[in-house]
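Chain order of the listed sequences is A and B. The numbering of the first sequence is the numbering used here, which starts it at 12 and goes up by one. The numbering of the second sequence is the numbering used here, which starts it at 967 and goes up by one.
Check each hint, because a few of them may be wrong.
Incomplete in silico selection of chain B near chain A, CB under 10 Å [what the hints assert, rightly or not]:
1) T977
2) I979
3) L1002
4) I1039
5) K1040
6) D1087
7) G1088
8) V1089
9) P1091
10) M1092
11) A1093
12) I1094
13) E1113
14) V1117
Simulated DEER-style distance windows between Cβ atoms [as the list claims (entries may be wrong)]:
15) A:A267 with B:Y982: 43 to 49 Å
16) A:Y57 with B:S1037: 40 to 46 Å
17) A:R225 with B:K1098: 37 to 43 Å
18) A:G159 with B:G1100: 47 to 53 Å
19) B:E1009 with A:G159: 47 to 53 Å
20) A:N146 with B:S1005: 50 to 56 Å
21) A:Q116 with B:A1024: 34 to 40 Å
22) B:Y982 with A:K169: 42 to 48 Å
23) A:R113 with B:T998: 21 to 27 Å
24) B:I1039 with A:R250: 35 to 41 Å
Just a sample of chain A residues kept apart from chain B, beta carbon distances all over 10 Å, derived [stated by the list, open to error]:
25) Q168
26) A235
27) F262
These are calculated hints, taken from the structure and not from any lab test. Just so you know, even glycine gets a beta-carbon here, dropped at the ideal spot from N, CA and C.
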Amino acid sequence: MAKLLPTILPPMSEQEILEVSSIYSIAGELDGHELKHTRPFRSPHYNMSSHALIGGGPYAKPGEVTLAHRGILFLDELPEFGRKTLESLRLPLEDKRVTISRVNQTNRYPADFMLVAAMNPCPCGYAGTNRCECNPHTIKAYRQRISGPILDRIDMQKYIGRVEFTDGHLMSGTISSSSLRTTVMLTRERQLHRFRKAGEGITTNSEMSSTQMRKYCTLDDECAALLQRTYERDSLSVRARYKTIKLARTFADIDASHSIQKTHLLKALFSRDLEREMRHV
Amino acid sequence: MATVIRSLGITGISGYPLAVEVAIIAGLQTTTIVGLGDSAIKEAKDRMEACTEELGYAYPTRKVVVNLSPSDIKKRGAYLDLPMLIGMLVESGQVRPRMSGWEEIAFVGGLSTTGNLVGFDGVLPMAIQARKLGWTHLIVPLDCADEASLVWTLPSSPAKVFPKLSLIWNNACTYHHTNEPVMPSRIKPKHRMGTTLMSSGMRRFFPTLLQR
Chain A
12 MAKLLPTILP PMSEQEILEV SSIYSIAGEL DGHELKHTRP FRSPHYNMSS HALIGGGPYA
72 KPGEVTLAHR GILFLDELPE FGRKTLESLR LPLEDKRVTI SRVNQTNRYP ADFMLVAAMN
132 PCPCGYAGTN RCECNPHTIK AYRQRISGPI LDRIDMQKYI GRVEFTDGHL MSGTISSSSL
192 RTTVMLTRER QLHRFRKAGE GITTNSEMSS TQMRKYCTLD DECAALLQRT YERDSLSVRA
252 RYKTIKLART FADIDASHSI QKTHLLKALF SRDLEREMRH V
Chain B
967 MATVIRSLGI TGISGYPLAV EVAIIAGLQT TTIVGLGDSA IKEAKDRMEA CTEELGYAYP
1027 TRKVVVNLSP SDIKKRGAYL DLPMLIGMLV ESGQVRPRMS GWEEIAFVGG LSTTGNLVGF
1087 DGVLPMAIQA RKLGWTHLIV PLDCADEASL VWTLPSSPAK VFPKLSLIWN NACTYHHTNE
1147 PVMPSRIKPK HRMGTTLMSS GMRRFFPTLL QR
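So here's chain A without its partners, still in its complex pose (with noise of 0.2 Å):
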């Protein structure tokens, strides 16, 4: 599924092509013939180290982050990635840059991602149907390898159920891909028109400072007390709850609503699973 994530984001503009092959040549990844047109889609093993992630080594090169830069950062089996490594990309999350600093030299390379990842529920893979054999103290060592700040930097977290045998729906494909896109094109150009006509110089609703959130994301007092209560109940981080009132603003964009309705909060409030799950483990 994640590998058709690339498939449903905008094209890339000029400066970004020329970025990311810029990258993929200084790797000695680039197909000598063209430049690269497509969304990178990186899916390092689990059994990497924090300096192929983020880069590094004697002479800097760049790592998995890098040459995911304007594209994803697919981690699968998420909880058995090293907790130097996972931990490692904190700074560039936030930053969306590395920089790696040698006695002679600092280097740095961009890392404007979008980290992606999936784990199973429990050790076994069967948490939540009668057929899981973990004591709910493996479960949560288990889900506890994802730290609180890493998951906390993570804008979605969905439970995804068991596909059964009898799905048939999934194969019959009731969305496509460019379908898709053109939702996901749709709702980037209300934002960056939105952000261009205010003369904001920033394209899409995850960059918004606190303060262009005050100016575009206002909540009425329903979804204020709402959003209030439920910030107290999980013991939210401010973060999360940035992040959550980001995610408000895109469903509605999505919907091209002017102001942020009662059910797009309810659905950026759902999106965050496994943060939750964990506080009531």
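Dock chain B against chain A, hints included.
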């Protein structure tokens, strides 16, 4: 006076202009390469010596000093072999530029001891930077020619230009721009800017610039 050859380096994910300065001074027969090069760059001196002989030239019997300027930025890789060799041949008077303006040519490429050019990683950001700087001439190994041609047009072969350097030029591709530099933002996606055709354009251009 030292000879200065135009070249390019890479920092982060972008290229930067680099000057390879070659001086031959009084002293014992040694070659020193300064300017924070890694071991691949330090080893270039042996490749240069072997290459010089292979091409039928004589390696200077005095002290050869190569400076990679700006000398406070670390450099890695073997792509500066070619500018160093050209600089040494010009500085020792074995290759004489006949025309002014030859300094405008930027050289990048590695050497093998057989006298051939070898490709390297990262030519694209260099080619982009060279265009941004408004440089008009770029010589790259044939291995990298496809990549350079993504942002450079008017390729041609510099072969048969320098009879005695033909081993090198057989394996090289030259690009030049006569028009205004095209900024990368004007490059259309899904459209390849140039093809690696060995046209006669460069053959006409190159012999008039450098001649033994």
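**Q.** Hint check for A:K169 and B:Y982 - Cβ pair distance inside 42 to 48 Å
**A.** holds, 44 Å
Next on the checklist: Does the beta carbon distance between A:N146 and B:S1005 stay inside 50 to 56 Å, or does it fall outside?
Outcome noted: holds, 55 Å
Interface hint status, B:G1088 versus chain A (Cβ within 10 Å): With a closest approach of 4 Å, the B:G1088 hint holds.
**Message:** Does the beta carbon distance between A:G159 and B:G1100 stay inside 47 to 53 Å, or does it fall outside?
**Reply:** At roughly 51 Å between Cβ atoms, B:G1100 and A:G159 fall inside 47 to 53 Å, so the hint holds.
- Item | Hint check: 10 Å Cβ-Cβ cutoff, B:T977 to chain A | Hint on B:T977: holds, closest Cβ of chain A at ~7 Å, below 10 Å.
Is the interface hint satisfied for B:I1039? The criterion is a beta-carbon contact with chain A at less than 10 Å.
Since the shortest Cβ distance to chain A is 7 Å, the answer is holds.
* Within 40 to 46 Å or not, the Cβ separation of A:Y57 and B:S1037? -> holds, 42 Å
Evaluate the given range 21 to 27 Å for the C-beta pair formed by A:R113 and B:T998. Roughly 23 Å apart at Cβ, these two residues keep to the hinted range, so it holds.
Go ahead and decide if the range 37 to 43 Å is satisfied by the Cβ distance of A:R225 to B:K1098. Hint holds: Cβ distance 39 Å, inside 37 to 43 Å.
**Study point:** Range hint compliance [Cβ, A:A267 to B:Y982, 43 to 49 Å]
**Key:** 45 Å Cβ-Cβ, so the 43 to 49 Å window holds.
>> Take the shortest C-beta to C-beta distance between B:I979 and chain A; is it under 10 Å?
In response: Holds - the Cβ of B:I979 comes within 10 Å of chain A, reaching about 5 Å at its closest.
Taking the beta carbons of B:I1039 and A:R250, is their distance inside 35 to 41 Å? holds, 37 Å
Against the hints set out earlier in the document, no violation occurs for any number.
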